[in-house]
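K.L.:
Assemble chain X onto chain H, guided by the hints.
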Amino acid sequence: MKLCGLSILPGLSAKTSCIENEIGINLMTATHIIFLIVAALILASALMVVTTRNLIHAALWLVAALFGVAVLYAILDASFMAVVQVVIYIGAIAILFIFAVMLTRREMRDRGSQLRKGWWLAALLGLLVFAGLAFMLIAQPGINRTVADMPQGLDTVKLLGTALVAPDAYMLPFEVASVLLLAALVGAVYIAVNKK
Amino acid sequence: MTFWSDPVNFIAAWLRGILTGWGMGAALSNVLLAFLGIIVLVVFALVLDIFLVWVERKVVARFQDRIGPNRIGPFGLIQPFADIIKLIIKEDITPEGADKVVYNIAPVLAATAVILLWAILPLASTIYGVDLNVALLYLVAAGALGTLAIIMGGWASNNKYALLGAFRMVANMISYEVPMVVALLIPAIITGTMSVKGITEFQSGVWIVILSPLAAVIFIISAIAELGRAPFDLNEAESEIVAGFHIEYTGMKFGWFYASELLHSFTFGGFIAILFFGGYNFFGLEKYPLLAAVIFLVKALFFYWVIMWVKYSMPRIRIDHMLAFNWKFLTPLSLALLIVTALMDKLLAPTNFYVIGMFLTNVVIAWLTIEILRAVGRKQKRIEETLQPAAEAVAHH
Numbered sequence: 000m001k002l003c004g005l006s007i008l009p010g011l012s013a014k015t016s017c018i019e020n021e022i023g024i025n026l027m028t029a030t031h032i033i034f035l036i037v038a039a040l041i042l043a044s045a046l047m048v049v050t051t052r053n054l055i056h057a058a059l060w061l062v063a064a065l066f067g068v069a070v071l072y073a074i075l076d077a078s079f080m081a082v083v084q085v086v087i088y089i090g091a092i093a094i095l096f097i098f099a100v101m102l103t104r105r106e107m108r109d110r111g112s113q114l115r116k117g118w119w120l121a122a123l124l125g126l127l128v129f130a131g132l133a134f135m136l137i138a139q140p141g142i143n144r145t146v147a148d149m150p151q152g153l154d155t156v157k158l159l160g161t162a163l164v165a166p167d168a169y170m171l172p173f174e175v176a177s178v179l180l181l182a183a184l185v186g187a188v189y190i191a192v193n194k195k
Numbered sequence: 000m001t002f003w004s005d006p007v008n009f010i011a012a013w014l015r016g017i018l019t020g021w022g023m024g025a026a027l028s029n030v031l032l033a034f035l036g037i038i039v040l041v042v043f044a045l046v047l048d049i050f051l052v053w054v055e056r057k058v059v060a061r062f063q064d065r066i067g068p069n070r071i072g073p074f075g076l077i078q079p080f081a082d083i084i085k086l087i088i089k090e091d092i093t094p095e096g097a098d099k100v101v102y103n104i105a106p107v108l109a110a111t112a113v114i115l116l117w118a119i120l121p122l123a124s125t126i127y128g129v130d131l132n133v134a135l136l137y138l139v140a141a142g143a144l145g146t147l148a149i150i151m152g153g154w155a156s157n158n159k160y161a162l163l164g165a166f167r168m169v170a171n172m173i174s175y176e177v178p179m180v181v182a183l184l185i186p187a188i189i190t191g192t193m194s195v196k197g198i199t200e201f202q203s204g205v206w207i208v209i210l211s212p213l214a215a216v217i218f219i220i221s222a223i224a225e226l227g228r229a230p231f232d233l234n235e236a237e238s239e240i241v242a243g244f245h246i247e248y249t250g251m252k253f254g255w256f257y258a259s260e261l262l263h264s265f266t267f268g269g270f271i272a273i274l275f276f277g278g279y280n281f282f283g284l285e286k287y288p289l290l291a292a293v294i295f296l297v298k299a300l301f302f303y304w305v306i307m308w309v310k311y312s313m314p315r316i317r318i319d320h321m322l323a324f325n326w327k328f329l330t331p332l333s334l335a336l337l338i339v340t341a342l343m344d345k346l347l348a349p350t351n352f353y354v355i356g357m358f359l360t361n362v363v364i365a366w367l368t369i370e371i372l373r374a375v376g377r378k379q380k381r382i383e384e385t386l387q388p389a390a391e392a393v394a395h396h
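In order, the protein sequence lines correspond to chains H and X.
Mapping to numbering that gives the first Met the number 0: the first sequence position 89 is 88, numbers consecutive.
Mapping to numbering that gives the first Met the number 0: the second sequence position 199 is 198, numbers consecutive.
Just chain H, with the same shape it has in the complex (with noise of 0.2 Å):
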């Protein structure tokens, strides 16, 4: 294996730093590094939200798993999925949870010991759907791809905004996604409000 400019003395090449293997495939350029520096941090928020005693820390550690997720669409040059998802995640869902947990719950900890009888037996059981999906995914093909450069001057968000609107594309579901959330806010005002 040639390990060629990883680090940062003069004299780098002007190609990104790559990993290369005997038959000469590139393994890892920045994108992958910083993909997997992302994914690291996501799993790890993601860990500790379900881990964490402490409900509004678990609330706060989504709110940053979130955020991952829009650095992975920054990434992927889909910059108005990265805004939209930082907007209605964090901005409306994270602080709806984190209003409901703070005005519902008065104890705020979880107490006892975090683990069930056969804790063991989950454990494995995981492990080994883990096992099975990272093999099903290695032995894909593609998987040593790299991700092509988006066209120049494609314009994600016009071909987005058109897909929604057009008869023969998603117009439909679009309304009907629409009237399902009326559906659920009357719902709601109907059970919240107070019937005098």
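The hints are simulated quantities; they were obtained by calculation from the structure and are not laboratory data.
No residue lacks a Cβ here, since even glycine has one placed at the ideal position from N, Cα and C.
Some clues are possibly wrong.
[Stated by the list, open to error] Derived contacts from chain X toward chain H, CB cut-off under 7 Å, selection only: (1) G128; (2) V129; (3) V133; (4) L136; (5) Y137; (6) A140; (7) I150.
[As the list claims (entries may be wrong)] Below are the DMTMM-like pairs computed for lysine to aspartate or glutamate, each with C-alpha atoms no more than 25 Å apart in a straight line: (8) H:K194 / X:D319; (9) X:K196 / H:D76; (10) H:K157 / H:E174; (11) X:K286 / X:D130; (12) X:K378 / X:D319; (13) X:K159 / X:E95; (14) X:K57 / X:E95; (15) X:K196 / H:D154; (16) H:K157 / X:D130; (17) H:K157 / X:E200; (18) X:K286 / X:E200; (19) X:K345 / H:D167.
[To be verified] Derived coverage of chain H by chain X (criterion: at least 3 residues anywhere in the stretch with Cβ under 8 Å from a Cβ of chain X; other residues may be distant): (20) 78-89; (21) 92-103; (22) 136-144.
P.N.:
Positioned in the frame of chain H, the structure of chain X alone reads:
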């Protein structure tokens, strides 16, 4: 590409030449120059923040018919530095039972959410951080991060007044995001792009405030509510809940909350200038980027002054009046304005009555709104008059 026509890229090319002359690779020097650009922009924003403290105190003094700080330095210009030194040497108290990590991150997140906005602010046609094609949504996203910081600060203080202040403030902010986003959609419809730089370039012809003054008014009102400045300043309602969500913060942590609120106000003044009042355009002077940057900063200061003018002239609005104003008045008005603007934009675009047509539609909508409000007021007065004799009869007994 000379210095006068493109200062940022000129300096970047010069530095890149130096760095590659020393033997550094092109990719690494690009990364280093990007970091340098970010640091310069952030430092500029924060130094401007110090100046804004002085502006705030002088302007509030003039509104209250006094002079303001004038002892330290000429016209009191060194006063903010005295404030900073005082805040830094204050004792740093963490209340008992407070959530230490969340308590300490909240002011940092509040300041970060504001500085993130400076990435998309174009100071001139060639001086800007980044030209995002979804910059308007990025503006809303940074506001969402600021809301999160307020909840974290209010919750982690372990203080019921702080929590109440945080709840009211967040209810305020997420309610007024709706008319703000709808008012932001109107320049997007008129110019056809969500990029802030694209909107500013469109306004080298005609300013968007002439095409849609009602959208500018709605945006200014909801921006003042988003900032948490009076008359929507429930989190600082000193007579009600002492200091709201930052009641337990001492020293420089409070300094960060305060400074980030001032910088946020200035940044929103800048956005009002960019989105509706032409940004750095001023009758053709925008060809020279440095002059354009000065023009933009002057406009942003003017709208910051307008925000302060509203703050120091109006009493505080009660929380239920505030929410009713938002949901029963601003949101339907902004949605109606959006529908009519979208329709008239498509109808009038091929004709040459575009400017006057859009302006007249706004005037018609404003007039209709006032008529509806007047009818509602008349009906309420009639209801009160029918109840009034019954009240007087009860009082006489």
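K.L.:
When the structure is checked against the list of hints, which entries are broken? Sort them ascending.
P.N.:
1, 2, 14, 22
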